[in-house]
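> Take the two lone chains, each set in its own frame, and fit them into one complex as the hints suggest.
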Amino acid sequence: MARQASSAGGAQNRTSVERKGDRELVVTRTFNAPPSTVYGAWSQPELFQRWWMPKSVSGVSLVSCDMDVRTGGKYRLEFSAGGSDTIAFYGKYLEVVPDERIVWTNDEGEEGAVTTVTFEDLGGKTLLKFHEVYPSKEALEEALQGSAAALPEQLEQLDELLSSAGE
Amino acid sequence: MVQYGNPPLDLSFAALSDATRRGIIDELGRGDASITSLADKFQMTLTGLKKHVQVLERAGFVVTQKVGRVRTCKLGKRGLKAEAEWIEAHRKLFEARFEALDEIISEMKQEASDGQAS
Numbered sequence: 001m002a003r004q005a006s007s008a009g010g011a012q013n014r015t016s017v018e019r020k021g022d023r024e025l026v027v028t029r030t031f032n033a034p035p036s037t038v039y040g041a042w043s044q045p046e047l048f049q050r051w052w053m054p055k056s057v058s059g060v061s062l063v064s065c066d067m068d069v070r071t072g073g074k075y076r077l078e079f080s081a082g083g084s085d086t087i088a089f090y091g092k093y094l095e096v097v098p099d100e101r102i103v104w105t106n107d108e109g110e111e112g113a114v115t116t117v118t119f120e121d122l123g124g125k126t127l128l129k130f131h132e133v134y135p136s137k138e139a140l141e142e143a144l145q146g147s148a149a150a151l152p153e154q155l156e157q158l159d160e161l162l163s164s165a166g167e
Numbered sequence: 001m002v003q004y005g006n007p008p009l010d011l012s013f014a015a016l017s018d019a020t021r022r023g024i025i026d027e028l029g030r031g032d033a034s035i036t037s038l039a040d041k042f043q044m045t046l047t048g049l050k051k052h053v054q055v056l057e058r059a060g061f062v063v064t065q066k067v068g069r070v071r072t073c074k075l076g077k078r079g080l081k082a083e084a085e086w087i088e089a090h091r092k093l094f095e096a097r098f099e100a101l102d103e104i105i106s107e108m109k110q111e112a113s114d115g116q117a118s
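Line order of the protein sequences matches chains S and L. Note that the working numbering has the first sequence beginning at 1, numbered continuously upward. Note that the working numbering has the second sequence beginning at 1, numbered continuously upward.
It is worth saying that the hints were derived from the structure and are not from the lab. We put the CB at the ideal spot given by N, CA and C, even for glycine. Any given hint might turn out to be false.
[What the hints assert, rightly or not] Calculated pairs, DSS-like style, for lysine-lysine (alpha carbon to alpha carbon, straight line, at most 27 Å): (1) S:K92 / S:K137; (2) L:K66 / S:K20; (3) S:K20 / S:K137; (4) S:K129 / S:K74; (5) S:K129 / L:K109; (6) L:K74 / S:K137; (7) S:K137 / L:K109; (8) L:K50 / S:K125; (9) S:K137 / L:K50; (10) L:K74 / S:K20; (11) L:K66 / L:K51; (12) L:K41 / L:K66; (13) S:K74 / S:K92; (14) L:K51 / S:K137.
[Stated by the list, open to error] Far from chain S by the CB rule (all over 10 Å, computed), these chain L residues: (15) A19; (16) E27; (17) K41; (18) M44; (19) V70.
Pulled out of the complex, with its shape left as it was, chain L reads as follows (with noise of 0.2 Å):
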């Protein structure tokens, strides 16, 4: 169902077979982090940086999301997580909400037939 972040496997091993890569994606398990933070940390430029950023995230192991002037990334895995758990409240919440809504609608199919009956 969930189509979203499940890339060829040799992009994924193209983006692990670099080390700052790999740096980039344990930095991001401890929180997330904006681009110039990491550049900091990474002491690359901030066009360095982005260039791994966007292989990352091509393969699906981080998300990046623009906030005001801020982009921050964040690890993709986390980001299929939440959004599983978005689609599976939906269901849940949906499912309920019809079940009800098969009830009124069965009472008022019954009403109607009861109506032309009398």
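The shape of chain S in the complex, shown without the other chains (with noise of 0.2 Å):
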């Protein structure tokens, strides 16, 4: 096994983040394994729920995690902001093949995207493709304001965070 230095973030897989068409936010990413080991860290809630709320953005964790993984399955985040109140964020899986897709509704909003994230091996790596496809071109600029106007905070506490990690 090819060993890193403790940095394990790395340079080499970037992470890219574009909107496509009207519709469409689509991000991008290599892992060194293979899908069926991404698709695991996905798929387990006692491993989604290490790094999806990442603790670097802080004030905000993930308070519960109960994840159905299987084609009409559901799911429940709940997300606290330190104090007591919790914001939850719930859907069900359309589709679920594993090691290859997962398919979820994100249904906490009025006009909430349908997320696919797929895994594609690359011979022991895999491309993770994430698609968040609202249904309307206006749902999405909403989420666009929206997440705009809410995330200046979580965003100085990222880069705090980002730039004391980066070295």
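Structure, rendered in structure tokens:
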């Protein structure tokens, strides 16, 4: 196994985020493990909750994580921003093909996106694609305005973390 | 990356060549406005004003959004800024997520090879 220095992130696997067309957000990233491993980290709640809302986005932690990862199954994630209030994100899995793809709805909002994540085998590595497709251009614009307004604080914390983690 | 609102220069010049359209941009600089309120302000028919807004929209100066029966206009630049921020926010969130995921994946690989060894 090729050993790497402790800075696990490294620079070789870049995360790309792109808006495609009017209704779609696409995130891609390569992982140094086969699809079965990456899929495992995505589909097992006890693993998923360790990375989905990284400590770095401090103040926001995942307090509960129920996931029934199979076609027709449901999920519910509850986040806490520190106080006693929690924010829930929930929906159902429209399609689950182990080691290949997971498709789920985001039902907490009126016009939630449908999210598809695919795990493509690159011979021992995995190309992960995360798509969010909104029901309309307007819904994406709204998410865009809303999250841009809501995120600055998190962003600042992230900035601090990323710059301190950089070296 | 953000291939959005990057119209040819001549479209921009054509859009800005008209005094009413420059006025609309000024007005939207003070705040978003509906087609109806803009038509009132510039003392134009709805149809006439819509045409101007369409020209501005094509050139990327203005974006419009219909909510219920009201179409609201806002400056395109602001939309672009929000979009850029949104993309950047997502990128940072996902980068942090995926770095954490990398660690879990290497743990999983380690466990798998430990399992095989024993």
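> Decide, hint by hint, whether the structure agrees.
Hint check:
1. S:K92 / S:K137: holds, 23 Å
2. L:K66 / S:K20: holds, 21 Å
3. S:K20 / S:K137: holds, 11 Å
4. S:K129 / S:K74: holds, 21 Å
5. S:K129 / L:K109: Roughly 21 Å between the alpha carbons, so the hint for K129 of chain S and K109 of chain L holds.
6. L:K74 / S:K137: Holds, at about 16 Å.
7. S:K137 / L:K109: violated, 41 Å
8. L:K50 / S:K125: violated, 52 Å
9. S:K137 / L:K50: holds, 20 Å
10. L:K74 / S:K20: holds, 22 Å
11. L:K66 / L:K51: Holds, at about 16 Å.
12. L:K41 / L:K66: The given pair, whose Cα atoms are some 20 Å apart, holds under the 27 Å limit.
13. S:K74 / S:K92: holds, 4 Å
14. L:K51 / S:K137: holds, 21 Å
15. A19: Holds: least Cβ distance 29 Å, greater than 10 Å.
16. E27: holds, 20 Å
17. K41: holds, 24 Å
18. M44: Per Cβ check, M44 of chain L is outside 10 Å of chain S; nearest 26 Å; holds.
19. V70: Answer for V70 of chain L: holds, closest chain S Cβ roughly 12 Å.
When each numbered hint is compared with the structure, violations occur for hints 7 and 8.
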